[in-house]
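Can you make the complete structure from the sequences, with help from the hints?
Number of protein chains: 2
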Amino acid sequence: MTTDTFLSSKAALDPENFKLANCIRALSIDAVEAAASGHPGAPMGLADAATVLFRKHLKFDAKTPDWPDRDRFVLSNGYASMLLYSLLHLCGYEDMTIEEIRNFRQWGSITAGHPEHGHAKGVETTTGPLGQGIATAVGMALAERRLADEFGDELVDHNTYVIVGDGCLQEGIGQEAISLAGHLGLGKLIVLYDDNSITIDGPTSVSFSEDVPARFAACGWHVQTCDGHDGSAVDAALTAAKAATDKPSMIALKTVIGFGSPNKSGTAGVHGAALGKDEADATKKALGWTVPAFAIPDDLAGSWKKIGTRGQDSREAWEGRLAGAPEDKRREFERRVSGTLPAGYEAAVSSARDSLFSEPRSAATRKASQMALEALAPALPEMIGGSADLTGSNLTRVPAVNSQFSREASGRYIGYGVREFAMAAAMNGLALHGGFLPYGGTFLVFSDYARNAIRLSALMGLRSIYVMTHDSIGLGEDGPTHQPVEHLLSLRAIPNLTVFRPADTIETLEAWDCAIRSMNAPSLLALSRQAVPQLRLERTEENLTARGAYVIRQFGEGRDITLIATGTEVALAVEAAEGLAADGLAVAVVSMPSWELFDAQPDAYRADVLGTAPRIAIEAAGKLGWARYVGSEDNVIGLSGFGASAPAERLYEEFGITKEGIARKAKSLAG
Amino acid sequence: MTTDTFLSSKAALDPENFKLANCIRALSIDAVEAAASGHPGAPMGLADAATVLFRKHLKFDAKTPDWPDRDRFVLSNGYASMLLYSLLHLCGYEDMTIEEIRNFRQWGSITAGHPEHGHAKGVETTTGPLGQGIATAVGMALAERRLADEFGDELVDHNTYVIVGDGCLQEGIGQEAISLAGHLGLGKLIVLYDDNSITIDGPTSVSFSEDVPARFAACGWHVQTCDGHDGSAVDAALTAAKAATDKPSMIALKTVIGFGSPNKSGTAGVHGAALGKDEADATKKALGWTVPAFAIPDDLAGSWKKIGTRGQDSREAWEGRLAGAPEDKRREFERRVSGTLPAGYEAAVSSARDSLFSEPRSAATRKASQMALEALAPALPEMIGGSADLTGSNLTRVPAVNSQFSREASGRYIGYGVREFAMAAAMNGLALHGGFLPYGGTFLVFSDYARNAIRLSALMGLRSIYVMTHDSIGLGEDGPTHQPVEHLLSLRAIPNLTVFRPADTIETLEAWDCAIRSMNAPSLLALSRQAVPQLRLERTEENLTARGAYVIRQFGEGRDITLIATGTEVALAVEAAEGLAADGLAVAVVSMPSWELFDAQPDAYRADVLGTAPRIAIEAAGKLGWARYVGSEDNVIGLSGFGASAPAERLYEEFGITKEGIARKAKSLAG
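Protein sequences, first through last, are from chains G and R. The working numbering puts the first sequence at residues 67 to 737. The working numbering puts the second sequence at residues 67 to 737.
Note that these hints are calculated values from the structure, not bench results. Just so we're clear, the structure is a prediction, and the values are computed from it rather than from any experiment. Quick reminder that beta carbons are idealized off the backbone N, C-alpha and C, glycines included. Each hint should be verified, as a subset may be incorrect.
As the list claims (entries may be wrong) - What follows is a set of in silico ranges between Cβ atoms, one per label pair, in the way DEER data are often shown:
#1 R:665 to G:648: 33 to 39 Å
#2 G:220 to R:306: 55 to 61 Å
#3 G:263 to R:130: 46 to 52 Å
#4 G:583 to R:306: 55 to 61 Å
#5 R:648 to G:269: 53 to 59 Å
#6 R:648 to G:672: 34 to 40 Å
#7 R:674 to G:344: 53 to 59 Å
#8 G:263 to R:665: 47 to 53 Å
#9 G:269 to R:409: 37 to 43 Å
#10 G:583 to R:475: 56 to 62 Å
Next up, the structure:
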């Protein structure tokens with residue numbers, strides 16, 4: 067079949083849809099040409115199906131992009147960003163002007179190479195790192211279901227649509243998401259799979275030959291296949307997908323990448339590079355597109371604008387229902403979606419502090435975390451917890467967050483399974499959706515598995531809370547595969563992520579409090595398996611952990627030496643300091659639960675805490691990074707390599723993380 | 067059914083096998099009791115199937131654990147380590163004494179909590195981080211197939227067996243491995259799935275309800291299901307699995323976790339905790355086990371020892387075939403499996419150096435990497451490359467490493483698909499198997515996806531080479547999701563991993579040379595998208611990159627300032643230094659391609675390179691970590707947050723990574 071015959075056969079299937087889709091194709095071609103970089107192929111191939119989705123199914127109102135009950139649309143194959151930007155522009159999202167489209171991939175534009183949440187309205191999540199979009203969408207669907215159960219279908223009733231490419235399904239996180247969504251029967255999750263048989267390296271036959279629909283079916287999904295260029299067929303499939311409410315739905319769209327390009331369609335050549343002027347011209351000609359670059363014919367522009375206002379009535383009706391809801395319910399709904407803290411929260415924190423200061427307790431900081439959750443969660447119905455199959459170790463389950471999220475009933479506790487990456491991405495989705503404050507647990511070492519989703523939490527500035535227990539060689543016998551060594555530093559290195567390593571019950575509570583109040587940055591709590599004494603015994607009103615570091619003990623007048631420690635090593639530093647004080651040295655012990663928060667303190671405070679005496683850092687982890695506080699890694703009591711399998715006490719001894727070791731080093735520096 | 071009835075019904079299926087399996091169960095119970103930590107449930111449930119495997123199928127000889135043509139056995143659910151240790155002990159592996167079993171999980175023992183490669187013979191790979199065992203086994207199966215094609219079936223013809231638990235299949239990397247193995251038709255890969263319906267958090271119904279056999283089948287696997295406690299059924303299934311040579315095989319073993327325990331079997335309570343004395347006693351009684359702890363009845367011990375020597379004849383026959391092979395072939399085979407470099411390698415390096423010094427070239431370091439590969443790969447038939455679907459970007463494909471590994475024919479280039487994690491784990495398997503030097507590419511930012519497998523390369527001390535391109539904001543328009551910021555530091559933080567960020571064509575060649583010679587540590591090359599000039603113009607014999615850092619330019623006499631830079635920023639530092647020199651300052655520019663190698667230099671060398679003048683570090687990445695070389699992050703020209711989407715030149719300007727910025731900072735410090 068010639069290109070022309072092929073294109074006209076497709077155009078004939080649903081001519082109106084085809085013409086509307088050409089607007090997307092043309093804008094995508096033009097923007098990628100202008101930037102001389104980008105991925106035109108997927109937007110061109112997906113234009114028909116996306117047009118159907120926006121034209122007939124997606125519930126949205128371009129003038130009110132943040133309407134809480136809008137359907138969510140996630141472009142998991144983020145490289146196809148021009149598909150999304152084109153749709154937003156055509157539908158009349160006010161910020162997505164033609165200038166922004168012209169400035170695709172340029173400094174200061176809202177049209178980044180990959181969709182960045184917070185840049186343009188209508189970008190529901192940042193995508194690009196493959197597979198994470200679908201997992202984030204699973205989190206959005208979880209949020210929708212739970213929020214609907216809490217506030218009723220009249221306020222919460224929307225679908226979550228996702229477009230995925232082959233890459234998203236090759237990535238392991240894709241399967242984690244598919245498996246979890248199928249298990250929980252997330253019926254309002256609808257995935258459109260761009261089955262174009264091409265990845266960057268060439269035909270999928272190079273690396274991918276599985277029966278994708280059968281894989282989804284094995285995971286409990288409702289599965290359909292259809293011609294992705296047949297508007298009517300896609301419409302029917304979407305209708306059937308919405309009707310299948312007991313299972314998530316997947317529609318495999320047979321598409322041609324770079325659809326319309328006479329010489330490059332159906333090849334990897336159109337995946338990640340501009341068509342080039344000649345081929346761009348030839349493509350437009352083949353598509354019957356005659357207007358200049360970046361122009362849209364008036365009739366089509368008008369049709370698209372109407373699509374953009376399709377949801378106006380629904381939105382207004384919804385606003386009416388919200389306005390008509392009982393005052394308490396309306397206010398609580400508004401509070402939940404705005405993410406502000408409830409009135410009772412301060413009191414819950416205060417009372418928890420009182421209780422710890424009144425009855426000091428020795429406890430593992432993971433246990434202290436559970437105590438903090440027990441105290442705070444009842445005041446925060448937005449908290450939704452879970453663990454990647456380590457509930458009993460992470461201690462993430464508490465009475466207020468106990469109802470299991472299952473196929474049958476939404477709950478506040480999600481069994482994510484052994485799927486750390488999907489957990490973190492789903493938490494991002496819960497946070498993005500609104501109405502929830504997600505937290506989830508695993509072992510600190512397995513932050514590795516979830517790492518890029520944690521990075522996206524930080525990049526998007528989401529309030530996700532990672533509960534990472536077993537935070538050092540102190541976990542003991544499980545050995546080096548389970549003992550984090552480089553993890554604290556590698557997480558501290560992620561911009562906009564606050565890492566906490568609290569020293570006792572009080573600091574753990576304070577860390578939770580900081581994390582809960584951190585509206586624009588995720589937090590990660592590194593917590594111990596082993597017990598530590600409560601070091602903070604003197605009642606303070608101030609959350610000292612919020613300072614990042616502070617002098618927790620002072621021995622003698624002035625300072626001969628400063629010991630800086632984190633987490634479980636603070637108690638060890640205090641013990642060492644007691645010995646040094648007995649030998650006549652003036653010692654300050656600094657607890658430093660968070661580098662990031664300390665770095666944000668005023669210079670004078672920082673100088674005061676750090677002092678001018680020689681400093682030693684003590685942390686049962688790699689020494690790298692500590693030079694910023696103690697000048698050299700020679701002044702760090704820590705690890706130089708991986709851990710080992712043995713009881714924790716033995717490991718601390720063998721690796722020289724002991725009060726004797728600290729004292730020796732202190733005397734050599736102070737002397 | 068009572069426990070007794072149930073157990074006797076199972077015992078009756080294959081009584082001999084049952085009794086042999088009880089030896090594993092008893093040792094596992096005793097060792098976990100003695101350690102008071104560990105996972106008894108899986109070894110108890112898997113004992114019957116593992117007994118069949120070792121007794122009738124696995125090709126091995128306990129007295130020659132490193133026999134190159136042995137079958138490989140990977141325990142992907144590494145927490146079940148006592149299954150493996152018991153088998154090794156019972157079969158007579160010399161190092162696995164009963165004392166080692168008694169010292170399970172203790173300091174200095176070879177019986178770590180999770181199996182650690184290099185501790186005990188017979189531990190083919192380190193496992194524990196779930197899902198990686200099966201992906202590593204895929205690499206072993208790839209190695210077997212390629213090596214067999216190179217040296218013939220008479221020298222290479224073995225299976226790779228893997229045991230996986232539910233966790234391995236919940237982890238995304240499990241699916242990546244399954245999909246890749248199915249795609250490539252790895253017929254000698256046989257997976258035993260411990261389908262016990264329990265994970266740590268409870269019944270798999272909490273989080274896992276998919277049809278696992280159907281998922282494998284969708285990915286092109288040969289699939290069977292059988293009673294995991296029926297020795298004859300397992301035997302028949304293994305025979306059928308071996309006969310299916312065109313597809314990898316999976317056998318879903320229906321098992322009872324903690325098999326034999328009257329009160330805890332079939333529950334999560336037996337997953338990760340000792341049975342406790344009473345239940346241990348009750349279990350032994352139920353199993354008819356009457357000897358003291360750690361004892362094995364003589365008859366059973368004898369039978370097991372015979373199992374351990376089952377493969378002796380095969381091994382001797384194989385040795386005969388090797389001895390009888392043509393001299394050249396035998397020597398090359400021995401060289402390959404020993405991992406030593408071939409005679410022609412030095413000459414290839416020399417000639418590549420000559421060529422670069424003779425005709426200096428400006429090139430992106432990713433391009434320089436391709437040039438290095440073009441020069442060195444022909445001398446190294448053991449090199450086996452690939453990319454996670456970014457071949458054209460990573461430039462990992464060269465003429466000598468071009469033949470595509472496919473279902474039809476083994477090749478030297480593997481299309482891993484968009485599966486970074488499985489790629490890294492498979493590379494570990496290729497390295498562990500012997501005979502290969504694996505390298506694989508992706509974008510540096512996606513090292514996140516593969517991170518824990520890179521960590522395992524380092525923990526095991528494998529010669530894997532990670533080719534990570536697009537190493538900074540210099541990648542430009544793809545934006546912050548694709549721009550590594552924290553990655554260099556977070557990778558430098560992994561013990562025993564050598565990170566290289568070469569500055570030009572020469573350093574890139576030198577980095578490859580270092581990586582190829584690094585027999586006991588993996589290497590990671592961070593390479594640029596954008597072009598840089600060749601800075602090294604003066605011919606040297608010495609590989610200066612092997613020093614980690616060195617003075618690449620000296621302007622004037624003495625030093626007023628030292629500029630330390632890596633990668634693409636070295637050229638920028640040189641430009642800045644030229645300006646500073648024109649203004650009368652004495653400037654040394656230090657190129658620091660590898661922190662790790664520089665740290666390993668003698669103190670005097672380090673002191674000489676660093677000098678005593680004020681120092682500035684320049685790296686287009688996060689500033690954290692550099693204080694160790696320049697005192698404070700104030701002296702770093704780098705990034706304080708995430709990148710942005712725009713052309714690279716614009717980003718360098720906007721983020722102040724410019725020669726003007728360097729000069730300003732230098733003057734303020736030197737002045």
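Here is what the structure says about each hint:
1. As the Cβ distance of residue 665 of chain R to residue 648 of chain G is approximately 36 Å, the hint placing it in 33 to 39 Å holds.
2. One distance hint, 55 to 61 Å for the beta-carbon pair residue 220 of chain G and residue 306 of chain R, holds here, with the actual separation near 57 Å.
3. Here the CB-CB span from residue 263 of chain G to residue 130 of chain R is close to 47 Å, well matched to the stated 46 to 52 Å.
4. As the Cβ distance of residue 583 of chain G to residue 306 of chain R is approximately 60 Å, the hint placing it in 55 to 61 Å holds.
5. Against the hinted window of 53 to 59 Å, the Cβ-Cβ separation of residue 648 of chain R and residue 269 of chain G comes to about 55 Å, which satisfies the hint.
6. Remark: the range hint 34 to 40 Å for residue 648 of chain R to residue 672 of chain G is upheld by a beta-carbon distance near 38 Å.
7. For residue 674 of chain R paired with residue 344 of chain G, a C-beta distance near 57 Å keeps the hint of 53 to 59 Å intact.
8. Checked against the given bound of 47 to 53 Å, the beta carbons of residue 263 of chain G and residue 665 of chain R, roughly 48 Å apart, stay inside it.
9. For residue 269 of chain G and residue 409 of chain R, the hinted distance range of 37 to 43 Å is satisfied, since their beta carbons lie about 40 Å from each other.
10. The supplied range of 56 to 62 Å is met by residue 583 of chain G and residue 475 of chain R, whose beta-carbon atoms lie about 60 Å from each other.
The structure is consistent with each of the numbered hints, conforming to all of them.
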